[in-house]
Structure formats: structure tokens, C-alpha cells
Amino acid sequence: MSGVRVLVGTRKGAFILTSDSNRDQWEVTGPLFGGWEVYHLKGSPVDPNRIYAAPSSGWFGQTIHRSDDGGKTWEPVGNQFTYEGFPGTHGSHDGTQKPWQFKRVWHLEPSLTDPDTVYAGVEDAALFRSVDAGQTWKEFEGLRGHPSGASWQPGAGGMCLHTILLDPSNPQRIFIAISAAGAFRTDDGGKSWTPINQGLRSEYIPDPTAEVGHCVHRIAMHPSTPDVLFMQKHWDVMRSDNAGGLWHEVSGNLPTDFGFPIEVHAHEPETIYVVPIKSDGEHYPPEGKLRVYRSRTGGNVWEALTEGLPQSDCYVNVLRNAMTVDSLDPCGIYFGTTGGQVYGSANAGDSWKAIVRDLPAVMSVEVQTLL
Amino acid sequence: MIRVVIPAHLRILANVSGELELHVEGRATQRTLLDALEARYPMLLGTIRDHHTRRRRPFLRFFACEQDLSLELPDDPLPEAVTRGDEPFLIVGGIAGGSL
Numbered sequence: 012m013s014g015v016r017v018l019v020g021t022r023k024g025a026f027i028l029t030s031d032s033n034r035d036q037w038e039v040t041g042p043l044f045g046g047w048e049v050y051h052l053k054g055s056p057v058d059p060n061r062i063y064a065a066p067s068s069g070w071f072g073q074t075i076h077r078s079d080d081g082g083k084t085w086e087p088v089g090n091q092f093t094y095e096g097f098p099g100t101h102g103s104h105d106g107t108q109k110p111w112q113f114k115r116v117w118h119l120e121p122s123l124t125d126p127d128t129v130y131a132g133v134e135d136a137a138l139f140r141s142v143d144a145g146q147t148w149k150e151f152e153g154l155r156g157h158p159s160g161a162s163w164q165p166g167a168g169g170m171c172l173h174t175i176l177l178d179p180s181n182p183q184r185i186f187i188a189i190s191a192a193g194a195f196r197t198d199d200g201g202k203s204w205t206p207i208n209q210g211l212r213s214e215y216i217p218d219p220t221a222e223v224g225h226c227v228h229r230i231a232m233h234p235s236t237p238d239v240l241f242m243q244k245h246w247d248v249m250r251s252d253n254a255g256g257l258w259h260e261v262s263g264n265l266p267t268d269f270g271f272p273i274e275v276h277a278h279e280p281e282t283i284y285v286v287p288i289k290s291d292g293e294h295y296p297p298e299g300k301l302r303v304y305r306s307r308t309g310g311n312v313w314e315a316l317t318e319g320l321p322q323s324d325c326y327v328n329v330l331r332n333a334m335t336v337d338s339l340d341p342c343g344i345y346f347g348t349t350g351g352q353v354y355g356s357a358n359a360g361d362s363w364k365a366i367v368r369d370l371p372a373v374m375s376v377e378v379q380t381l382l
Numbered sequence: 134m135i136r137v138v139i140p141a142h143l144r145i146l147a148n149v150s151g152e153l154e155l156h157v158e159g160r161a162t163q164r165t166l167l168d169a170l171e172a173r174y175p176m177l178l179g180t181i182r183d184h185h186t187r188r189r190r191p192f193l194r195f196f197a198c199e200q201d202l203s204l205e206l207p208d209d210p211l212p213e214a215v216t217r218g219d220e221p222f223l224i225v226g227g228i229a230g231g232s233l
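Top line first, the protein sequences correspond to chains A and B. So for the first sequence, our numbering puts the first residue at 12; every next one is plus one. So for the second sequence, our numbering puts the first residue at 134; every next one is plus one.
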């Protein structure tokens, strides 16, 4: 029978939520890696039993775990992330140059074709890849070595590479995003990288239209239209129709265009979702109403989705890795909050139910559609 | 044999319970003890000492014989009571390590 497996990373461990294709009754398993901060865990699209997880800790640093049985058992694998060559320095809030230093893994992106290949986006911002199922990791040094690299600065959450999009139509093309450097693209399998930030405007940097320095919170793509990208920037929801070559704003009638996650409907490439947050200084929904906004027009025209979501006194945040869609029909959509709730919709966002309410603060939500 | 106590999180990671007992070749120092610990439990690599600098992670402390040995040099000899196995070598998570 088909179903879904929702993988939830939290401040104090990971949880797995499973259901059949009705997505009505849920079983909650966990905590896995209890006490560890799990910024992200994600399953291989090639082999759904293969899941990679990145628990880290202020005491013990980074670990990487791999499951080969759908999350029932886990094995620690390689946790050594070494910058290639002489690491050099990057910018900082106090105006001094700081040495590049590995802090944690923010995002794991399993390959679309090989279950033993997985990409890792880390803080301080760099992209690594393992081709041996997580045992060893090697940096794509061309990204950090971009001429602009020494000028990159951290956002409030650290200088993290938090988004990795693999182009299903072109294995040489990868998109990544870094807070607060911006979005980058490689067309040669990771050897060289191009900033793709033209059209972005950020008033919080000296040159609002600079090539780099933008606090991109998240980018998303539908696999059938890989040249169309959607972006939730620090402020502004953006769209590009030429693989990041040029962006234009599609915030439209959103109540606020600040936020973190952005997602695309599994079957409708022009249907996108965001969760507006009041401001960069007030990381909670406007008016205390938790609303997902859906655009069926690829942006600009948005509708509030509220049924089943708290519409008063709600002051949680939804972090950048904490929203995802399944590929069942109708499309399921899931998101987790800093208040520990994971909400799910089995009808593309028309109505919502809390799958679980009292987890630690949710860092990431991914889903595996099991056929 | 040298007795070693590691934090609960690392016991889970290494799939062990209770005190560990380690044989250290040659002179017993923090460095040789941790080398032996990581050789036997490679999943602990990077969790007690930084992969590259080999220095103690900032929020971990080393205690033994009611003394804080964290700032001892890594090649200083361990206390005799530890090398005899009378007292354990304690690897302790500092109370400041968790941000949230």
C-alpha cells in the first residue's frame, strides 16, 4: 500500500511520522538521536530505505548517520568536513576577516540517481559531496573559491549553505543558496560557480543590487520546469524563468513578504507556497494567525490557507527547511514550527491538521512518498 | 587498563554502556588515551577532539582524581591513580554546551 514517511529534524532529535496514502492516521516514532540538534535528514529518491541524517551538538560537534532500512536502525558514518587547500578568510559583522571554519551541516541532498551519493551544505558556507554513502566527504572548492568568497558574510543564523537543488534534466547543473551571500549555479558539475542574483534588491546591504551579499532564505524548483526557480528572500518572494539569470518579484498581495520556506506543488509547477512572517525582527506570523499562502499563478496572486491552522495567538516561526510536499494525488504538504507542531494537508493546502503538536522546535521537514 | 567515562550522548553514539576500559600502549597521557579511545570507537572521531587541530572541543572537560585536567598539556602523564585503574578518567560535557 502506498503511503508517506515524514522526516522531522528538531532541536533535540529526529522523529519519523508515517501514514498510509489517506494521510489521516499517523504513527510517530522517536526521538531518534535524542538531545542532538538535527538540522536536516532526507531520504534517497532512488532507494527510499536509504536516509541520511545530520545530528550535531554544541558539545560534540557534527555527526552524520545513515539508515538503510527506512529509519529503523542507524549507523554513524563519516563526519570529517575538511576545506580544500588553505581555507582563507571571509567577511564578518564586525568588519574583520574570519578564517573559514566548519561548524555544522545544514542540509543533506541525496543524489537523484545514486543512493551512495549525497551532497552536504555546511556552515561556514561550502558544498561537500560523498560518493561512498557518507563515509568520506570532499569539498567543491570552486564555490568557496569564487572571487567573491572572501567578501561573504553570515546572516543572523550563521554563514550557512542551506539549499541544494539538483537539476533532474541536467546532472551538471546544481543550484545552491547561502545566507547571506545569495544564490549560485554550477553548469559543470561543481567545478565553477556563477552568482545568480541579478534582479534581487536588498536594502540591508550597501549596494542593494550587488552581485553577492543577499540573504536568500530558500529556493525551490519543480522538477518538470528546472529553469523556473522560486525564492523566499529575507524580504521579497522572487521568481526566475531562466535558471536564476534574472529574478523578478512576485510578492503580490502577501501580507508580508518576509519568511523562510518556499515550496512548489508536486503536480502543478505554477502552484507555490510560502508562510509569511511579520518581519526580520519579529519572527512570528502577522496578527498571530498562522497562514500558509498559496499562489496558483506562479506568484503575485496569493490566497491565505487557514482551515485547521491557529488563527489567533499564534507566534511560532517556520524555518527554511521545514516545509515540503509529497507526490501523492492530491498533493500533500507539510510544515513544522518552532513551537513543535507539524501540520499536514492531504489536499494541497485546502485544510490542515496537526499531525503532532509538542515536539521540540522543528528545524526541518522532509517527506518520502512510498509507493 | 584505564577506566574512562564518556558522556551519555557519546555512549549512545559508540553503542556502549557504563565505564570503558582501555589499554594504552606506552606512556599514558591525554593524547595516547584519546588515541586509544578513538581507535577502538572510530565513531567518536571529531566528537571529543577537533578533527584537524586535535584539541579538546570547547565545551568538554577532562576530570580525574577530583581535579580538572582540561588545561593540562596533552602529553603530560595522567595521574598514577588513573593509570593504575583506581580512578576513572572522566570526559564531561560542560553545562554551557547546549544553546537551547
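The hints are simulated quantities; they were obtained by calculation from the structure and are not laboratory data. These numbers come from a predicted model, not from an experiment. Ideal Cβ placement from N, Cα and C applies to all residues, glycine included. Please note that the accuracy of each hint is not assured.
[Unchecked claim] If the Cβ cut is set under 8 Å, some of the chain B residues that face chain A in the computed set are: (1) R144; (2) A172; (3) M176; (4) T180; (5) T186; (6) L193; (7) F196; (8) Q200; (9) S203; (10) P207; (11) I228.
**Report entry** Interface hint status, T180/B versus chain A (Cβ within 8 Å)
**Finding:** With Cβ-Cβ at 4 Å, under 8 Å, it holds.
Query - Hint status (Cβ of Q200/B to nearest Cβ of chain A, threshold 8 Å) - result: Cβ of Q200/B sits 21 Å from chain A, so the hint is violated.
Requested in this report: Answer holds if the nearest beta-carbon of chain A is closer than 8 Å to that of M176/B; otherwise answer violated.
Outcome: holds (4 Å)
**Report entry** Interface hint for I228/B, Cβ within 8 Å of any Cβ on chain A
**Finding:** violated (10 Å)
Query raised in the report: Holds or violated: is there a CB of chain A closer than 8 Å to the CB of P207/B?
Result: This interface hint is violated because 18 Å lies over the 8 Å limit.
Report task. Return the status of the interface hint for S203/B: holds when the least beta-carbon distance to chain A is below 8 Å, violated otherwise. Result -> violated (13 Å)
Query - When the least beta-carbon distance from A172/B to chain A is tested against 8 Å, hint result - result: This hint is violated: A172/B lies away from chain A, its Cβ roughly 15 Å from the closest one there, beyond 8 Å.
Query raised in the report: Can F196/B be said to touch chain A, with a Cβ gap under 8 Å?
Result: Not OK, violated: F196/B not within 8 Å of chain A, min 15 Å.
Report task. Hold the hint about T186/B up to the distance rule: shortest CB distance to chain A must be less than 8 Å. Result -> violated (10 Å)
**Report entry** Minimum beta-carbon distance criterion (8 Å), R144/B to chain A
**Finding:** violated (12 Å)
**Report entry** L193/B as an interface hint toward chain A, with CB separation required under 8 Å
**Finding:** holds (6 Å)
When each numbered hint is compared with the structure, violations occur for hints 1, 2, 5, 7, 8, 9, 10, 11.
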